[in-house]
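My numbering puts the first residue of the sequence shown at 244, with every later residue one more than the last.
Because the hints were derived from the structure by calculation, they are not lab data. No experiment lies behind these values; they were computed from the predicted model shown. Be aware that a few hints might be false.
[Claimed, not checked] Simulated restraints, written as ranges between beta carbons of each label pair:
hint	residue 1	residue 2	range
1	Gln299	Leu265	39 to 47 Å
2	Asp259	Cys311	42 to 50 Å
3	Leu284	Cys311	29 to 37 Å
4	Ala305	Leu251	18 to 26 Å
5	Ala308	Leu261	34 to 42 Å
6	Gly286	Leu306	16 to 24 Å
7	His253	Asp273	30 to 38 Å
8	Phe269	Gly312	43 to 51 Å
For every residue, glycine included, the Cβ atom is placed at its ideal position computed from N, Cα and C.
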Amino acid sequence: LALLLARLLHYPSEADSLQDLLTDHFNRPDRKHPWPEFWQLQGNFWVEWLRRQAWQPLFVAALAAGACGAL
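Taking the hints into account, I'd like the entire structure generated from these sequences.
Next up, the structure:
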């Protein structure tokens, strides 16, 4: 329903948003195939996030504390 409403209101599509992200708000040329680059960036982000969590597990500790508090 949300996607249909967005199309009816002529909101930018996910492809437009992806091009905006990858082209520095349209300051660089459009990418021909943006999705592979996006997935590569996502993979890089999560690998780095997991690496940082291994060294500073604040999120994991907060999640564990919240789980203990919920029990």
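Hint-by-hint comparison with the structure:
no. : hint                        : result
1   : Gln299 x Leu265: 39 to 47 Å : violated (29 Å)
2   : Asp259 x Cys311: 42 to 50 Å : holds (44 Å)
3   : Leu284 x Cys311: 29 to 37 Å : holds (35 Å)
4   : Ala305 x Leu251: 18 to 26 Å : violated (41 Å)
5   : Ala308 x Leu261: 34 to 42 Å : holds (36 Å)
6   : Gly286 x Leu306: 16 to 24 Å : holds (23 Å)
7   : His253 x Asp273: 30 to 38 Å : violated (19 Å)
8   : Phe269 x Gly312: 43 to 51 Å : holds (45 Å)
Figure legend: structure checked against the earlier numbered hints; hints not met, in rising order: 1, 4 and 7.
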